[in-house]
Structures are given as structure tokens and as C-alpha cells.
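Given these sequences and hints, build the entire structure.
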Amino acid sequence: MNDVIDICKVEGSIKIDGQEINKKDVDVNLLREKVGMVFQKPNPFPKSIYDNIAYGPRIHGLADNKDDLDKIVESSLKKAALWEEVKDRLNQPGTGLSGGQQQRLCIARTISINPEVILMDEPCSALDPIATAKIEELIDELKKTYTIVIVTHSMSQAARVSQNTGFFHLGKILEFNLTEKIFKNPDNKLTQDYITGRFG
Amino acid sequence: MSEHIVSSYEEQLKKLHSTVLKMGALCESQFANSIIALVKKDEELVDKIIGKDDRIDELEKKIDEQVVNLITLRQPMAIDLRETVSAMRIASELERIGDLAKNIAKRVKNIKIELNNEDFSLIRSASELVQNNLKKTLDSYSKNDEKLALSVWNSDKEVDVVINKLLQDLLNHMKKDKKNIESLTHLLFIAKNIERIGDHSTNICEYVHYFIKGEDIKGDRPKA
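The listed protein sequences derive, respectively, from chains C and S.
According to numbering that gives the first Met the number 0, the first sequence is numbered sequentially starting from 0.
According to numbering that gives the first Met the number 0, the second sequence is numbered sequentially starting from 0.
Hints are computed from structural coordinates only; laboratory data are not their basis.
Beta carbons are placed, not taken as given, at the ideal position from N, Cα and C, and that holds for glycine.
Among these hints, one or two may not hold up.
With a straight-line Cα cutoff of 25 angstroms, these simulated PhoX-like cross-link-like pairs (lysine-lysine) come out [stated by the list, open to error]:
no., chain 1, residue 1, chain 2, residue 2
1, C, K188, S, K217
2, S, K212, C, K180
3, C, K183, S, K13
4, S, K105, C, K183
5, C, K78, C, K142
Per the computed footprint, the stretches of chain S lying under chain C, defined by three or more beta-carbons under 8 angstroms from a beta-carbon of chain C, are [claimed, not checked]:
no., region
6, 3 to 16
7, 119 to 132
Put into C-alpha cells, the structure is as follows:
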């Protein structure tokens with residue numbers, strides 16, 4: 000966005016491993032390797048299920064040969080709890096899967112390059128409760144290996160999946176606290192008004 | 000505190016609050032009446048008290064249902080959740096108070112001695128003290144006043160002092176007046192019931208404090 004829109008203005012600070020990511024000299028390609036992204040609407044590439052996963056490892060040079068790549072595809076799909084459902088149709092288009100499966104495909108695609116952080120922007124907002132539960136189960140599993148930052152409008156989801164919660168309002172972070180604290184007894188009155196549905 | 004955006008949710012919470020207050024008021028009057036029935040030996044009033052106990056149980060069930068509905072349908076958060084959960088616990092304390100009042104009333108017909116005199120003034124002052132604490136407890140809930148709840152909680156030691164005196168007093172009567180030992184034994188139980196009602200009031204104070212402040216009252220309750 001910095002490059003496309005002239006008037007784009009960024010304030011505040013985001014650091015990964017102590018390094019400010021919003022500086023001119025930061026290599027965005029390397030940054031993208033560290034930070035995987037999953038979006039609100041599942042956005043698989045218009046390619047086969049296999050190639051959706053293989054794309055990242057190929058361009059980042061993570062696999063030396065076809066065997067390596069096969070292994071990465073299989074383990075990524077397994078980690079994303081999708082392998083059993085798609086192992087016999089890896090050459091079919093990713094876009095042919097159901098919404099929940101597509102979202103898990105996107106998560107598999109993200110973890111195929113082994114990022115440090117996965118950023119999930121409303122990953123379940125287009126999914127039914129069962130597909131949502133599968134993604135949340137996956138988040139529980141993946142958080143053992145990756146740092147996951149999830150943006151959600153569903154307070155119950157924030158309460159279910161996170162250990163720490165930040166409450167953002169109009170571009171400001173109003174409270175950052177343990178999730179339990181936020182939902183049981185927040186420090187900031189605005190947080191309380193918001194989560195209890197009193198925000199006027 | 001400002002109101003909820005969804006007014007039906009606001010109403011549901013207010014309704015729960017008012018059901019708890021209704022149950023509280025009923026328990027308050029059951030307890031007050033049980034003491035009146037005791038002092039005046041009013042058996043008609045005893046029957047009335049026993050008959051009304053079902054209504055207390057009904058209200059407790061109603062509160063449980065309202066709480067479960069709120070949790071299922073509204074998923075209350077923060078202070079709303081604390082209030083919802085506390086309502087259920089307060090209702091169960093109130094139900095116990097109702098039972099104790101009924102138990103006092105049931106003992107009335109077994110008491111063959113005159114209580115409306117100086118010899119038994121302690122039983123009246125102890126119950127006045129506890130009635131007053133129960134009233135303040137319900138006020139603290141009604142007005143969301145955690146300071147009042149805390150002050151009642153702290154003042155329970157005065158109840159303990161009076162009850163201990165009363166128990167000693169009753170034992171002295173027993174030693175002197177052996178033919179009335181049955182009546183006096185019932186009075187011992189009644190004294191214990193009054194003390195327990197005081198204890199349930201302080202438990203309610205703890206829930207009121209928790210739901211308003213989000214934390215338990217610190218330290219142990221002062222005891223005499």
C-alpha cells in the first residue's frame with residue numbers, strides 16, 4: 000500500500016523479533032517468508048490443489064527435487080488437517096473445494112514455507128460453524144509451532160482461540176491483556192462497553 | 000453504566016435482576032414473619048410462612064432458567080457475565096435463607112415459654128441485627144453498591160457476638176429451668192438458624208462485590 004497510494008500514512012510501530020517492519024530498508028520478500036497471511040475470503044490460486052501448496056516452496060527455493068516438494072505438500076496439507084480429504088484429488092483445482100476446505104488449503108499454503116508468524120484476517124467470517132470449528136481446532140494445533148495473530152469481529156472466537164487479546168478501536172489499541180482478563184474483567188471501560196454490547 | 004445497544008438484551012438482564020430482588024424481598028419477609036410468629040406464637044402466621052416456601056423455590060427455578068437462557072442466547076461478557084453467574088449463586092443462598100426461616104416457623108408450636116419479655120430480649124435483638132444486615136445486603140444488590148456489600152460483610156462479627164451471647168443465655172436458662180428444656184432446645188436451633196441467615200447474607204455480599212468489581216473480597220471474614 001505504501002508503494003501504490005501516495006498519501007498512505009503509517010503511524011505506530013510493528014516489530015518482529017525486535018525489528019521494525021515498516022522501514023524502507025526492510026526486504027518485503029524476506030518479510031513475506033516470515034509472515035504468512037490468511038484472508039477473510041478463501042483465495043486459493045486458480046491452480047491445482049498440489050500447485051497451490053507447491054507455489055511458495057518453489058519460488059522460495061525450499062525444495063531441491065520433486066520428492067522434497069511432494070513431502071512439503073503432504074506435510075502442509077496434513078498440518079492443515081486437509082490431507083485425508085484431498086489426497087486423491089491433488090490435481091484438481093483448489094477452487095473446487097468447499098469454503099472451509101479452501102480456507103484450510105490457504106492455511107496449508109501459508110505453512111508450506113514455514114513462516115514464524117501467521118496473520119489471519121477474519122479467517123472464519125465466511126464459514127459455517129462446523130468449518131469454523133475445524134479452523135479453530137487447527138489454530139489450536141498450529142499455535143504450538145507458530146505465532147498466530149488473528150483479527151476477528153467475533154468476540155466469542157477471540158475468547159476461544161487466543162491467549163492474549165488486543166482491543167483496537169479507530170486505529171488505536173485501547174487495551175492489550177490476557178484473554179481471560181479482557182473477557183472477565185477488562186481494565187478499560189471502553190473495552191467493557193464494547194464487549195458487552197454497550198458501545199454507543 | 001450505559002445501556003446495551005440491543006434493548007431486548009438489556010431487558011432480559013433487568014428482568015433477571017428484578018427476579019432476584021423479588022426473591023430477596025420474599026425471603027426477607029419470610030424471615031421477619033418467622034420471628035413475629037415465634038414471639039407472638041402465631042400459628043396462623045406459621046402456616047402462611049410454610050405455604051409461601053414453595054414460591055421461593057419457584058423463584059429460584061425461574062432465576063436458574065433465566066440465567067441459562069442468558070448464557071445460551073446472549074453469551075454475556077465481563078460485568079454482564081459476572082452478574083448473570085452471581086444471580087444464580089445469590090438465588091441459591093436466598094433459597095437457603097427461605098428454608099431456615101421456614102424451619103424457625105416450624106419450631107414455633109414446640110415452644111411453650113413466653114418470649115415477649117426481658118429474659119429473651121437477645122433473641123429479638125439478634126434477629127433484628129440479622130434482618131437489618133439482610134436488608135442492607137439486598138439494597139447493595141439492588142443499587143449495585145459494592146461498598147455497602149463490603150460493610151455488611153465486615154459487620155457480621157457483631158452478629159457472631161450477639162449470637163454467642165444468646166447461646167450462652169439459653170444454656171443458662173436451661174440450667175435454671177429444666178422443665179422447659181425442650182422449648183429451650185428448639186430456641187437453640189432457632190438461634191443457630193438466625194446466625195446461618197446472617198452467614199448467607201454475607202455470602203450474598205461476596206457475590207455482589209464480585210459481580211461489580213470483578214474480584215473477590217480480599218482476606219478472611221472478621222469473626223468474633
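These are the hints, each one checked on the structure:
{"no.": "1", "hint": "C/K188 with S/K217", "result": "holds (23 angstroms)"}
{"no.": "2", "hint": "S/K212 with C/K180", "result": "holds (13 angstroms)"}
{"no.": "3", "hint": "C/K183 with S/K13", "result": "holds (20 angstroms)"}
{"no.": "4", "hint": "S/K105 with C/K183", "result": "violated (43 angstroms)"}
{"no.": "5", "hint": "C/K78 with C/K142", "result": "holds (11 angstroms)"}
{"no.": "6", "hint": "3 to 16", "result": "holds (count 4)"}
{"no.": "7", "hint": "119 to 132", "result": "violated (count 0)"}
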